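> Letter by letter, the chains look like this.
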Amino acid sequence: MPPIKKIQGRAVPIRGRDIDTDRIVPARFLKTVTFEKLGDALFYDERFDEAGNPKDHPLNDPRFAGASIMLVEAGFGSGSSREHAPQAIKRAGFKALIGESFAEIFFNNATQIGLVAVTVAPEDLGYLFALVEQNPEVELVLDLEKMELLAGDRAIPVFLPEAVREAFLTGRYDPLDLLLEAMDQIRALDARRAGPGKKGTYGGGR
Amino acid sequence: MGKTLYEKVFDAHAVRTLPDGRTQLFIDVHLIHEVTSPQAFAMLKERGLNVAFPHRTFATVDHIVPTDRREEPFSDPLAQEMLDALRQNVKEHGITFFDLKSGRQGIVHVIGPELGLTQPGFTIVCGDSHTSTHGAFGAVAFGIGTTQVRDVLATQTLAVEKLKVRRIDVNGRLLPGVTAKDVILHIIRTLGVKGGIGYAYEYGGKVIEQMSMEERMTIANMSIEGGARVGYMNPDETTFAYLKGRPYVPKGEDWERAVAEWKALASDPDAEYDDRVEIQGETIPPTVTWGVHPGQSAPVDGRVPDPADFPESERAQVEDALRYMKLKPGMPLKDVKVDVAFIGSCTNGRLTDLREVAKYLAGKKVAKGVRALVVPGSQLVAEAAEREGIADVFRQAGFEWRAPGCSMCLAMNPDRLVGDELAISSSNRNYKGRQGSPTGRTVLASPLTVAASAVAGHIADPREVFGIGG
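Residue numbers (this note's numbering), protein chains in the order written: chain C, 1 to 206; chain U, 1 to 470.
Straight-line C-alpha distance at most 30 angstroms; calculated DSS-like pairs for lysine-lysine: (1) K45/U with K198/C; (2) K55/C with K328/U; (3) K198/C with K101/U; (4) K95/C with K162/U; (5) K146/C with K162/U; (6) K251/U with K198/C; (7) K162/U with K6/C; (8) K198/C with K91/U; (9) K5/C with K162/U; (10) K198/C with K8/U; (11) K263/U with K198/C; (12) K45/U with K37/C; (13) K45/U with K90/C; (14) K31/C with K101/U; (15) K162/U with K198/C; (16) K95/C with K45/U; (17) K198/C with K244/U; (18) K37/C with K91/U; (19) K365/U with K326/U; (20) K162/U with K8/U; (21) K337/U with K55/C; (22) K146/C with K164/U; (23) K162/U with K90/C; (24) K31/C with K91/U; (25) K55/C with K326/U; (26) K31/C with K45/U.
Chain C regions said to be covered by chain U (calculated; three or more residues, Cβ under 8 angstroms): (27) 21-33; (28) 157-167.
In short, the hints are calculated from the structure, not lab data.
Note that the structure is predicted; figures quoted are calculated from it, not measured.
We put the beta carbon where it would ideally sit given N, CA and C, even for glycine.
Next up, chain U with everything else stripped away, as it sits in the complex (with noise of 0.2 angstroms):
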């Protein structure tokens, strides 16, 4: 019987079954962030350990970080403290630091895989649950607690459990309009936000082989956000193509020799799975949310739902959800007006990204009365689209360009949300409270979704606005 990527990639890297039955796992790339590791460095030190192997270890800062000005001490002397501290730990550590002055600084989830830092095979944490995003090439990548990021430090292991694995195919082809991220949306609508609880979830198919790296990332990114902590797709030639000459990646000889080690990792054509689902490409709308989780959502161009087409158990969450979000049952989607419109993130905060919204965004202008930002995933993302004219687009439609970070994702900046406004947003959570006003309301989008609304004033579907597919 065939193996899964995942159950390879796990034997590969246990170390040890301890006695409680859980097994011991090697990570290969460990990642960190000012927001969750500084209390892990402390606990460290109250142990009286060090880093095991501080060349596994990298560091970068992105959810504190102010997109506007970047001089510093910062504005808010909780974030100057919070970089402060990482620096300290970073140097004391020896640990590689991807800070604001090194040309290389972005969300973490960003920087990973440009720098080539994210390979097949390898086991990738962070304290940060959005780590699945690195499944994208065929890695074991996942969240960790802050207690977690202290194992890692000291030890270079975790104590995990082995997940079971479900297979998502998504087969057939997509329709004009229709993106990556419209695909995790359904699939989490599909699912449920509890669906993956215990999983890995494989995507495959025919839509997710011809995907780029970008899109694929952008899948894999919102795993979590369907309940799987572990997401990946298996690597191929997009996956190579992608990685090659990348600073981090093998070179010469070597290179070819991990190509085809990384090529052996791909799940045999008879692996056995736990659960498998398919899901045809053709029934995926433009989808955006319309309540306080990601699985709360409906095509672009439907209504909002009624609570009593919900089943009983469902009802008051529906109900308390539309509460929230000021919204009546049954009216148009695109009635929704858009007070900020958010282009970013780790889960779409990429050139592609990017670059896609801008080939129809160049000669629209933003509706008067919203606000609309863009933050690059990552400096080496904003260098390029300058450098292709695509930030001049988007500066010209009227969109804030500005320095990348974590930003409106979640607020932990100066770029939030005021009292109740309406933000529409390529990031992964629609949570209440999430974009920094504990009353602001969040629709999650694609970016192009986002944009077509940034220029309509409201939730508006991209097809119409930019003429796609008519």
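Chain C extracted, bound-state conformation (with noise of 0.2 angstroms):
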């Protein structure tokens, strides 16, 4: 996977609190195996009514259409484990959250198909909210070596784990071929520890 370094683009601003991943995929839409057409089900209850027609929702704004950054405010992504929520989100278009916190199921999720997920102090999120309200067309660019946010005449701290930055610098945020080169030693712990469906071992089951 190619190293991500630094994103570049519009934002659009998502007010609320908690917002839980019923939310910004209802279950629904988890009625597919595949994710492929999840990026029309993003924030669906809250974009449509029930006849389908636009409500009033920043992703339906003209202003806000071709953003790659999403502003989100504290709890983003509580709830289910679903990956659909930020499968979601990504094939809709964007590249990065910025927030206060995220759930950790949700901020896991995004980490491992590359959505990269900061968080900003709590009083520079209320300056972004304003800032892209007031200019949609503003440029943010998030720098993930320097570890921070240009917007506007302002550079502002961001923050990720030190795990999950060094994952995205080395285009390591997909663990899948890390975790496959220790299959040795997992066979051994595979052989060791109890398992209820091994033959042999105590259970066995049916």
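Could you use the hints to bring the two separately framed chains together as a complex?
Take a look at the structure:
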């Protein structure tokens, strides 16, 4: 995977604390065996009424069309472990989320698919929301090497766990290749550890 | 210095430290279902990989199954497609599958424990956030995304960071009519829905120690609702008594050896915690939610709160919640009319949940105009409930007795709210649109409170309706 060092683009402000994954992708859109069309399901019930008519929502606002960065508030992505949520955000064209805090499973799922979710101090987030709402055309530059966000006339410090930052900078945010390197040690652990489905060890099932 | 159970289990499963500092963690048991696994199998195929240890993955179907008409094909072709995909994947990779005709199908977090797949000291993962349920047994269990399901299928490991541990003691005793569900709703209200981010919750104290395994599961289940990906209890005699004789647990001498190992896993008395919280059991009331996340709750005999009583940073969120719920500040919660009553889910769909309600429901009737459903958590639960006459008590009271699945907890099957119906529900999430209608409203409560409300036709205090403790 190519390293992720810098993300540049316009932003869309999504207001609301504790926005849960059911809101990001309502459960009925999970009835699919692929992730392909999820971009269309993003915030569906917030964007459209029951007759399918668009509602007042930043993602329906032409001023924010083409944004690649999403501004969000505290507790974003709480609830379900559905990867459909970050997949929908990514497939709708977003490359980064900037918020105050993220639910853990959501953050993890986003990271593994290369969707960057950084946090900033609450006062900086307030500035960013105001900036973007007043100037939708403003370009933000998120620099993971310097760990800062250039926005308007400010350079705002951003935060990521060091291991995650490292994973983006080295292009190893999808860990599967790394995990596969240790198959010998894993086989040894499997042999040593009890497993309910293992023949010959305890359990063994039916 | 002693160690917590979390640290002991984590260390015993560490394969190695990855270059970025994360730990490669071995997973003992992987549970899968139809919603979050098909893409993972597709990713495996794309990479030309196989399931490395099929004997460590177990499958069932729960989210999309209809609970009334079970004949196939299902009326919803998308649901049928998901079940068919799962059948194909487990067959291709030699994975044990508790299918609809197995007699053991059910909600993944109900069948894991009841079959004995869940054991102390195990690491257990599933593409479902309520995997924390299995922590009730002293397992370290957590929900993962689909890309991580792929990782576990391919390597039986995950790249993870170690969590901090917060010890939550619930001491004293619970008042009559107060259940495990009320305890966890109270904990979430106290610590907040984001309070657990970065933590594993270790639950202990007198109240927890005296709880049955099923009550402990209700609490561990909703850890994620408080932001904690992992929640667990230390294993004890109650744990061992529950597990003994279940299909997948060790037998004979192996059983004795396993129990000895399990006992050593409990957190040491001098273990150091990153944080500690103590709650007095007597202060916990029967609790219901009034808002759109599980932390927005109040005592059942209380009132809908006034946004003005909240810190300014939360006010807009509270106003938005009340607008969505169509509730007025200051109105008694007991004045809220209910359209639907739902008992079930991985939180409260187990035999003792149903048994406890049946004890009080006998001779009572669901109020006119209320649609009441019971969805047992598994086929084994359903079977036992029939045998004990519990199912008949529910039927006679006017509840619909359904077949096992997730059902109206998240409404991926045909069981759902219509329009802005209000459901009082023993499930775990009251998010906007959660129960299948974009304007549907959910009030979370214990099974007892749900049953009391079904009988009364409005949110009701089980202590009054059923004369508990009076």
